[in-house]
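> In the order they appear, the protein sequences are chains A and B. Position one of the first sequence corresponds to residue 1 (the numbering used here), numbered consecutively onward. Position one of the second sequence corresponds to residue 1 (the numbering used here), numbered consecutively onward.
Do not take every clue at face value.
Which chain B residues stay away from chain A? Per the calculated CB distances, all over 12 Å, these [what the hints assert, rightly or not]:
hint: 1; residue: 194
hint: 2; residue: 265
hint: 3; residue: 319
With a Cα cut of at most 25 Å, we get these calculated PhoX-like pairs of lysine-lysine [what the hints assert, rightly or not]:
hint: 4; chain 1: A; residue 1: 291; chain 2: B; residue 2: 84
hint: 5; chain 1: B; residue 1: 296; chain 2: A; residue 2: 84
hint: 6; chain 1: A; residue 1: 118; chain 2: B; residue 2: 323
hint: 7; chain 1: B; residue 1: 291; chain 2: A; residue 2: 138
hint: 8; chain 1: A; residue 1: 323; chain 2: B; residue 2: 115
hint: 9; chain 1: B; residue 1: 291; chain 2: A; residue 2: 291
hint: 10; chain 1: B; residue 1: 96; chain 2: A; residue 2: 89
hint: 11; chain 1: A; residue 1: 208; chain 2: B; residue 2: 28
hint: 12; chain 1: B; residue 1: 296; chain 2: A; residue 2: 96
hint: 13; chain 1: A; residue 1: 296; chain 2: B; residue 2: 323
hint: 14; chain 1: B; residue 1: 356; chain 2: A; residue 2: 291
hint: 15; chain 1: A; residue 1: 291; chain 2: B; residue 2: 115
hint: 16; chain 1: A; residue 1: 323; chain 2: B; residue 2: 28
hint: 17; chain 1: A; residue 1: 80; chain 2: B; residue 2: 323
hint: 18; chain 1: A; residue 1: 323; chain 2: B; residue 2: 296
hint: 19; chain 1: B; residue 1: 267; chain 2: A; residue 2: 114
hint: 20; chain 1: A; residue 1: 118; chain 2: B; residue 2: 114
hint: 21; chain 1: A; residue 1: 114; chain 2: B; residue 2: 291
hint: 22; chain 1: B; residue 1: 96; chain 2: A; residue 2: 291
hint: 23; chain 1: B; residue 1: 96; chain 2: A; residue 2: 323
hint: 24; chain 1: A; residue 1: 115; chain 2: B; residue 2: 84
hint: 25; chain 1: B; residue 1: 114; chain 2: A; residue 2: 291
hint: 26; chain 1: B; residue 1: 138; chain 2: A; residue 2: 296
hint: 27; chain 1: A; residue 1: 115; chain 2: B; residue 2: 296
hint: 28; chain 1: B; residue 1: 323; chain 2: B; residue 2: 267
hint: 29; chain 1: A; residue 1: 291; chain 2: B; residue 2: 296
hint: 30; chain 1: B; residue 1: 291; chain 2: A; residue 2: 145
hint: 31; chain 1: B; residue 1: 89; chain 2: A; residue 2: 138
hint: 32; chain 1: A; residue 1: 28; chain 2: B; residue 2: 115
hint: 33; chain 1: B; residue 1: 223; chain 2: A; residue 2: 115
hint: 34; chain 1: B; residue 1: 254; chain 2: A; residue 2: 84
hint: 35; chain 1: B; residue 1: 89; chain 2: A; residue 2: 96
These are calculated hints, taken from the structure and not from any lab test. Beta carbons: idealized from backbone N, C-alpha and C, even for Gly.
Number of protein chains: 2
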Amino acid sequence: MNKSNLKVTAILITIFTITSLQLAIAQKTIYRDAGSFYLYGKAFQTSTVYHRVDTGKYNDLPAAVKRLLTHSAGLAIAFKTNSKSISAKWCVTTSKALNNLTPIAQKGLDLYIKKDGKWQFAGVGRPNDVCSEYNLVKNMDGTEKECMLFLPLYDELKSLEIGTDEGSTINSLDNPFRHKIAIYGSSIVHGASAGRPGMAYPAILSRKTGLYFVNLGISGNAKMEKSAAKMVSDIQADAFILDCVPNPSPEQIKERAESFVKTVREKHPKAPIILMQSIIREQGNFDLVVKERVRKQNEEITAAFNRLRNAGMKDIFLITAEKLLGNDHDATTDGVHPNDLGFYRMAEQLAPQITKILTTYRIK
Amino acid sequence: MNKSNLKVTAILITIFTITSLQLAIAQKTIYRDAGSFYLYGKAFQTSTVYHRVDTGKYNDLPAAVKRLLTHSAGLAIAFKTNSKSISAKWCVTTSKALNNLTPIAQKGLDLYIKKDGKWQFAGVGRPNDVCSEYNLVKNMDGTEKECMLFLPLYDELKSLEIGTDEGSTINSLDNPFRHKIAIYGSSIVHGASAGRPGMAYPAILSRKTGLYFVNLGISGNAKMEKSAAKMVSDIQADAFILDCVPNPSPEQIKERAESFVKTVREKHPKAPIILMQSIIREQGNFDLVVKERVRKQNEEITAAFNRLRNAGMKDIFLITAEKLLGNDHDATTDGVHPNDLGFYRMAEQLAPQITKILTTYRIK
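Using the sequences plus the hints, can you model the full thing?
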């Protein structure tokens, strides 16, 4: 190699080093508290940001319901950024892993980015401890993107920071959805057994319809108590969906359903109220007792619906269950809770029915 | 109450007590080692019953491959019983929970029962420790049923006992599937991220087609080494599917794919060999590097397929990937591994293509 070649090489090495250094600097991640961005999915303002309800205000709620309402199910952070990489640091609790959920669904994060006008899956945050740090997506083009980060379904989110490349922009996004529809319900509303937070059916419905759904799933405990009816009726929603039938006994449905609906109706004289039958329990394919229980639950909610209508209540609807999970019996994780195939099928069935009902009320 | 009424009451109480006692006795669970029943899904006879391959015979396999072949992915116990209740006791290892799988899929059990000629989901075994005991289904009618119990996807099964009601019958079931098709592949074949063991796509394919599939998924490690080719070629299968493209680098595919196929062909001059492109990585929706890597992997497997065909090899086929996961980008748990929606879609796409190919060879 001659002198001039050596000089060129030295220059090239210098340029390469500087460029690499700049890249390394550009890739430094700056974390910001997620509290500064829009939080989608809330029923109320709360003193603890990622709780769904300020349960201190509803002292009569059963203890289990209060605990479950601290879970961040259905909530999502909305922001826009031109960062090529998006990371997160977050802390949850020491609660035990559930055997019918992935840790990603229970304690992890799920990022969607808008592309060609549609929300599209972009990456997950895998939890690896009580506090985790994870890169959700990298190597993106540097155009500004609208992002929604769905929060853990089955745990209390203690803190969350969003990380973007140093030098990139990140700003809050305005609420990307219209109106407000509250869904009070069981573990199925809560999101068991979605594979990741964005696959709970209320979240799929939001992306499918553009409507704002509030997830009030309270695993196993949506038993239509008076205290729960009071809390639900306090939500300033345009419509209400009750998908709670899997939790109360047939007798409890008989005793409580009408009263629950009337409590909501009293505060919301014109809001459509949609009752849903329980999805088929695939456990009942062979277990005759389970099969009979679900049959009775659906019989009781249908009877309560008919009594309300016959008594003159307007603007109430009943969605029946027969098609919600398809007919191959493969759409649950454990015979009770839909897997992602089940949630996909539920959303496919529910979106047109809900949209049709709401359109009559100019909720569209 | 008069004397005769008292007597009647006493008699009724006695009858009731005896009946209850008989019921309690009838419901006592008797456990039998599952080793006495037919084990579906095996490539070879092995010295350790729930290992897929006797890796002692294949010392050249990479250590990770050997370890992964101890997992019971794709195996199922086949039996028939008239018990009203089916339980299981089983032990796995202390391996850590994976964050993209449910514990039911990783370490649990999944029961199917034949109904009206079709295999139908009946219940799961939820793991709660290294050793677990769980009732999979109860309250069934007492007719004799054909059962398949799918074993943990991502752990080594150390022992398994099946429990039925005392006084009921339980017997081994003959192999319920036809022929033998070996699928060598990645974590996706292995079953990540099915919600339960019976939802890995080779298991869905078996139920859909009636064909016997051998699951040789070796998570992240299906890199087409010579030692792996040797092991696969030793299987007495009627056809071979290679769904391993997600694991090797594009360069490794270029170097190894033809040699792998030729090794299998040498031992099986007439068996159809089906190559599969990698499913789309939804991670690559926004990550341009991931997107490009998958494009190159699929380009290389297609090029290798074309070279083999142009060199005159017969009876080889290529299944392309574009439709395997649908087009809504929601069919994975983590951007890499199909969720149950993804596996359902894969099976829907693959079943007719595979069936069509195999029918030509009278494998139907």
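> Each hint should be assessed against the structure and marked as holding or not.
Here is how each hint holds up against the structure:
1. Under the 12 Å C-beta cut-off, the non-interface status given to residue 194 of chain B relative to chain A is violated; the minimum distance is some 8 Å.
2. Look at residue 265 of chain B: its CB is around 35 Å from the nearest CB on chain A, clear of 12 Å, so calling it non-interface holds up.
3. Here residue 319 of chain B stays apart from chain A, with its beta-carbon at least about 22 Å from theirs, past the 12 Å limit.
4. The hinted pair formed by residue 291 of chain A and residue 84 of chain B meets the criterion: a straight-line CA distance of about 15 Å does not exceed 25 Å.
5. Simply put, residue 296 of chain B and residue 84 of chain A have alpha-carbon atoms about 22 Å apart, close enough for the 25 Å limit, and the pair holds.
6. Simply put, residue 118 of chain A and residue 323 of chain B have alpha-carbon atoms about 19 Å apart, close enough for the 25 Å limit, and the pair holds.
7. This hinted pair checks out: residue 291 of chain B and residue 138 of chain A have alpha carbons roughly 12 Å apart, not beyond 25 Å.
8. Among the hinted pairs, residue 323 of chain A with residue 115 of chain B is consistent with the structure: their alpha-carbon atoms are about 20 Å apart, no more than 25 Å.
9. About 46 Å separates the Cα atoms of residue 291 of chain B and residue 291 of chain A, which puts this hinted pair outside 25 Å; it is violated.
10. Distance check on the hinted pair: residue 96 of chain B and residue 89 of chain A sit about 22 Å apart at the alpha-carbon level, within 25 Å; holds.
11. Of the supplied pair hints, the one linking residue 208 of chain A and residue 28 of chain B is violated, its CA atoms being roughly 50 Å apart against a limit of 25 Å.
12. Simply put, residue 296 of chain B and residue 96 of chain A have alpha-carbon atoms about 41 Å apart, too far for the 25 Å limit, and the pair is violated.
13. Restraint check: the Cα-Cα separation between residue 296 of chain A and residue 323 of chain B comes to about 41 Å, which exceeds 25 Å; the hinted pair is violated.
14. About 39 Å separates the Cα atoms of residue 356 of chain B and residue 291 of chain A, which puts this hinted pair outside 25 Å; it is violated.
15. This hinted pair checks out: residue 291 of chain A and residue 115 of chain B have alpha carbons roughly 16 Å apart, not beyond 25 Å.
16. Between residue 323 of chain A and residue 28 of chain B, the direct Cα distance comes to roughly 38 Å. Violation of the 25 Å bound is thereby established for this hinted pair.
17. Pair hint residue 80 of chain A plus residue 323 of chain B does not hold up; C-alpha atoms about 31 Å apart against a cutoff of 25 Å.
18. Note on residue 323 of chain A and residue 296 of chain B: the hinted pairing is violated, with a Cα-Cα distance of about 41 Å set against a maximum of 25 Å.
19. The suggested pairing of residue 267 of chain B with residue 114 of chain A is violated, with an alpha-carbon distance near 51 Å, which exceeds 25 Å.
20. Straight-line distance between C-alpha atoms of residue 118 of chain A and residue 114 of chain B comes to about 41 Å, which puts the hinted pair past the 25 Å bound.
21. Between residue 114 of chain A and residue 291 of chain B the CA atoms are separated by roughly 18 Å; this keeps the pair inside 25 Å, and the hint holds.
22. At most 25 Å may separate the alpha-carbon atoms for a hinted pair to count; residue 96 of chain B and residue 291 of chain A exceed this at roughly 36 Å.
23. For the hint pairing residue 96 of chain B with residue 323 of chain A, the CA-to-CA distance comes to about 38 Å; that exceeds 25 Å, so the pair is violated.
24. Among the hinted pairs, residue 115 of chain A with residue 84 of chain B is inconsistent with the structure: their alpha-carbon atoms are about 52 Å apart, more than 25 Å.
25. The suggested pairing of residue 114 of chain B with residue 291 of chain A holds, with an alpha-carbon distance near 18 Å, which does not exceed 25 Å.
26. Note on residue 138 of chain B and residue 296 of chain A: the hinted pairing holds, with a Cα-Cα distance of about 19 Å set against a maximum of 25 Å.
27. Pair hint residue 115 of chain A plus residue 296 of chain B holds up; C-alpha atoms about 24 Å apart against a cutoff of 25 Å.
28. A hinted pair counts as satisfied when its Cα atoms are at most 25 Å apart, and residue 323 of chain B with residue 267 of chain B does not qualify at roughly 32 Å.
29. About 50 Å separates the Cα atoms of residue 291 of chain A and residue 296 of chain B, which puts this hinted pair outside 25 Å; it is violated.
30. Only pairs whose Cα atoms come within 25 Å are accepted, and residue 291 of chain B paired with residue 145 of chain A is accepted, the gap being roughly 18 Å.
31. Between residue 89 of chain B and residue 138 of chain A the CA atoms are separated by roughly 44 Å; this puts the pair beyond 25 Å, and the hint is violated.
32. At roughly 58 Å between alpha-carbon atoms, residue 28 of chain A and residue 115 of chain B are farther apart than 25 Å, so this suggested pair is violated.
33. In summary, the hint linking residue 223 of chain B to residue 115 of chain A is not supported, as the alpha carbons are separated by about 34 Å, beyond the 25 Å threshold.
34. About 31 Å separates the Cα atoms of residue 254 of chain B and residue 84 of chain A, which puts this hinted pair outside 25 Å; it is violated.
35. Note on residue 89 of chain B and residue 96 of chain A: the hinted pairing holds, with a Cα-Cα distance of about 22 Å set against a maximum of 25 Å.
Hints 1, 9, 11, 12, 13, 14, 16, 17, 18, 19, 20, 22, 23, 24, 28, 29, 31, 32, 33 and 34 from the earlier list are contradicted by this structure; the remaining hints agree with it.
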